[in-house]
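Asks: Protein chains in written order, with this note's numbering: chain A, 509 to 936; chain E, 199 to 515; chain L, 8 to 298.
Bear in mind the hints are in silico, worked out from the structure with no lab data behind them. Incorrect hints may have been included.
Stated by the list, open to error - Mimicking DSS-like on lysine-lysine, the simulated pairs with C-alpha atoms at most 25 angstroms apart in a straight line are:
# : chain 1 : residue 1 : chain 2 : residue 2
1 : L       : Lys184    : A       : Lys792
2 : A       : Lys839    : A       : Lys849
3 : A       : Lys794    : L       : Lys199
4 : A       : Lys640    : A       : Lys668
5 : L       : Lys56     : A       : Lys777
6 : A       : Lys668    : L       : Lys56
7 : A       : Lys673    : L       : Lys56
Keep in mind the model is a prediction, meaning the values are calculated, not measured.
Chain by chain, the residues run as shown.
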Amino acid sequence: MRRRTVLITAIVAAGAFALTACSGGGGSSGTSSQHGPITIWYSNNEQEVAWGKQMVASWNAAHPKEQVKGQEIPAGKTSEEVIGAAITAGNAPCLIYNTAPSAVGQFEKQGGLVDLSKISGASSYIQARSGKVAEQYKNTAGDYFQMPWKSNPVVIFYNKDMFKKAGLDPNNPKLSTYADFIATSKKLVAAGVAPNAILPAPTSEFFQSQFDFYPLYAAESGGKQIVANNKSTFADQDGYDVADFWATLYKDKLAGQEAYNGDAFADGKAAMAIVGPWAVAVYKGKVNWGSVPVPTKEAKPASDVWTFSDAKNIGLYSACKNQGTAWDVLKYSTSKAEDQKLLELTGQMPLRTDLATTYADYFKANPAYKAFGDQASRTVEVPPGPNTVEMLQAFRDAWSKSVIFGKQDTKAALDAAATKINTIAKQP
Amino acid sequence: MTSTLAERQGVVPSSGGATPGRGRRKRRPLGRNPLGLLFSAPYLLFVLAIFAYPVGYAFWISFHDFFFAAPGAQVARPFVGFTNYVTALTDPAVLRSFANVGVFLVINVPLTVVFSLLLATALNKATRAVTFLRISYYVPYVTASIAVVAVWSFLFNGHGLVNSILGPLAPSPSWLINDHWAMPIIAFFVTWKQLGFYILLYLAALQNVPKELYESASTDGAGEARKFFSVTVPGVRTATVLVLLVSTVTGANLFTEPYLLTNGGGPDGASTSPVLIMYQKGIEQGQPDVAAAIGVVLVIAVLIIAFLQNRFAGGRD
Amino acid sequence: MAATRRRRGVNADSLPRSGRIARSVVLALGAVAFLFPFYYMLIGSLQTKLDSTTSGLLPNPANLSGTNYVQINDRINLFQGLLNSGIFTGGVLVCTMVFGLLVGYALAVLQWRGRGVTFALALLVQVVPFQLLIIPLYVLIARDYGLADNYLGMIIPFAINSTAVIIFRQYFLQLPKELFEAARIDGASELKLLWGIAIPLVRPALITVVLLTFIGPWNEFLWPFLITKNQALQPLAVSLANYITNVAATASNPFGSALAGAVVLAAPVVILFIVFQRYFISTDIGSSVKG
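Extracted from the complex, chain A is given alone in its bound form (with noise of 0.2 angstroms):
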């Protein structure tokens, strides 16, 4: 008898868990004018999470019913495949301050984040704020599912002890077209002072090609998108001598094909990076760099030199219940005194009208800011819609085989991904 009111409890109990734990999915979505406590997501590198972190503290002695809960973006290989993720689960946080503008198409066509555009008054926000460079974050169909936020406009970093060891000039270096370059690093290698002359990751993972194909092709077109209007751009000429410029840094082993495991500029395994302004932060003391816009074919005047713009922006996701809170804190976030911070304790660019003269005393105590300040207003952002990471994806495939690893002539591999990446392109 006791038996049986065992078992028979343990059936009942089963049977309500699996009821309650059914009954448990399925979010409700909140409404722009919901107001109350909020959880975040910012990046976790240590400069972002000090500007996160007085950024929350600030608004929540400011407003104490809706109170804002900071966090770590969570653990993963990209943050993409984190968010992507959540939005799935339905446990997304109201805002994330590291969206990737590769993602947001598939986030978009996902339910997962709010249009902007119907909240009132945002398009205006968002315009006014980054003026002509927001409309590279409009969908197709002319909405933001995104809030411009900060870019990190990608310059070559040269260690200037190295180049004086290797008897170059370390004010001048001669870098600013290919056959200078790859001459120039065929001294560096030579010279002993480093086994890479540069060390882009050499991996497969679809976004590597934003920092060794994207900004010299940005630079070489003078600030053409890869993909327009649904069609791949990059099987040109120009794309056909970025190719080879790096091919040739691959065949001359004067770029590694084997990714270092750790930060092969700083710990002296190659003697030129291709970063963004978040380096500045992160070698100081460490290195003693200068700095060049990346190279072109031709020397072209460091004023027209457009690069890939590396932006991460604010999404704010459909998970959400008060998002009148969230956007909110969204425009509080991106204010001109929250803005001022963020340049100062990550020294990454926000994507904001003017930055020089609307911030020109920071630029002054910062020249070494100076040259990102000045690339910020030419940068060029990745191709819209939901199939962005299948066409990087695509096209890092061929970069691999052919340019890195030499498998395959450049051109035929370039020729060949652009027909693929159009197909993936005329995907909905």
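Let chain A serve as the given structure and place chains E and L on it in line with the hints.
Replies: Below, chains E and L alone, put in the same frame as chain A:
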């Protein structure tokens, strides 16, 4: 195919549960049958929810235009027939990943069988330091891949210990970025890591080989080598079938090693595995439908291989 | 039974001397091959500055320190990670022990309709790779059950280890039937039979299963990585994997830090295994081979 099978099998016991079997004890009018079912109910529920349902769901996804959506988002998921299968099987990257697993199995399975049987036989007869030897053989097996992968990449990277020892003999490009070596290194790694488990299986099987067989072989004047091949090898055939099966499943499961050791299947896709591609497509690129199709193909392939192995190596056992 | 079976040595004596030496060499080489990476892991994790040359093989007191461990502990809450791993693994162990024993007993001792199918299912579960189920499982558990960022969500997919079920069944099958018949005539219930007679007799199996089951969730990376977004809930394997792949690069000795992470993750299992290894004997698993 697999899912319908699993579903059918999963459904049978729960629907047929109330039927009394051979009623035995007078105290229990329903006989012992329902009790067995009750004892098994949590497990059956578990298998249905965690195994059968996901298999069925994956099967369903593979025939639809499916992508992840936020809860509550209204999205259309039309039936698309075999489109996802065509997309998957015409993608050279997918085909490459299956070929890579083929390479993996060709290296891993024979090495596993030979080394585990050899070491198990030696260990079986060892008289000294048995505990120490046993611990040392099993330790890689009990340790997390993620932990030992770190050492292997330390050993085999371009500036690692192996290349410092080999000097000019080191392959160029180095092991993990050499498309001829990346997959073999992964196969060696997995062999090394899992060998302890297979040694355990063989040790057990060796206990069941009748000693008389060795004795009569000795009487016939057979040497050690002869005894090994004519008595030991046939004697542990059941275990060999299991080893073949388990290592095939392990190969089909390959994910952590290419994900961590070769930075996501590098160089240039030379060490991708189907599960890694599923992960890239499903989780990174937002195409869980294509990923599910790859998964179904993979399961069918594994089941076919398992069936063949059992048929030809297992014999009547 | 196990003890008598393991008594051997008859064959060892029959080997000529040269054969015995060859065997010892093979065994020693095997041990070196298996242990060397662990030795290197420990040495590497203690190096203040990376030394990947052959001289780095021997400990160099000038280059040894705990810096790498300190750096890890700054970034990851090792204690919280261990606790989470413990809860995750503990949950799986409890479920496997309770429900696995029940079903193992039912499969071996009781006669009921569906027994064969249940056993076939347990075998089938082993053949289908877990990774294939991950996407639907993720949707199911994170979304439909709302168990993301929850220990329960972490535990559920591993809750009842099917290998354990098969091992239990095998053990119960080996118990003499008369034992149960006699007790039943005395009016003992099946639960009492299981608890009072069957379980005490299969104690070695319990320890084997604990060890086997422990390894799975303790080392599992992909599932908890997907299901937990909250750092405070992540098991050690996940936070260390993240540390090794992302954060270690910024440490002063990236490889050393990654190896220190590896040591922290490996140590508890290896120690546990060494302590209990005498129970982890071949015949326990062996019985499932015959299944």
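Asks: With reference to the structure, classify each hint as holding or not holding.
Replies: Taking the hints in turn, this is what the structure says about them:
For a cut-off of 25 angstroms, the pair hint linking L/Lys184 to A/Lys792 is broken: about 76 angstroms separates their Cα positions. Of the supplied pair hints, the one linking A/Lys839 and A/Lys849 holds, its CA atoms being roughly 14 angstroms apart against a limit of 25 angstroms. Among the hinted pairs, A/Lys794 with L/Lys199 is inconsistent with the structure: their alpha-carbon atoms are about 70 angstroms apart, more than 25 angstroms. Straight-line distance between C-alpha atoms of A/Lys640 and A/Lys668 comes to about 36 angstroms, which puts the hinted pair past the 25 angstroms bound.
With a CA separation close to 15 angstroms, the supplied pair L/Lys56 and A/Lys777 stays within the 25 angstroms bound. A distance of roughly 24 angstroms separates the Cα atoms of A/Lys668 and L/Lys56; the hinted pair therefore holds under the 25 angstroms criterion. Of the supplied pair hints, the one linking A/Lys673 and L/Lys56 holds, its CA atoms being roughly 24 angstroms apart against a limit of 25 angstroms.
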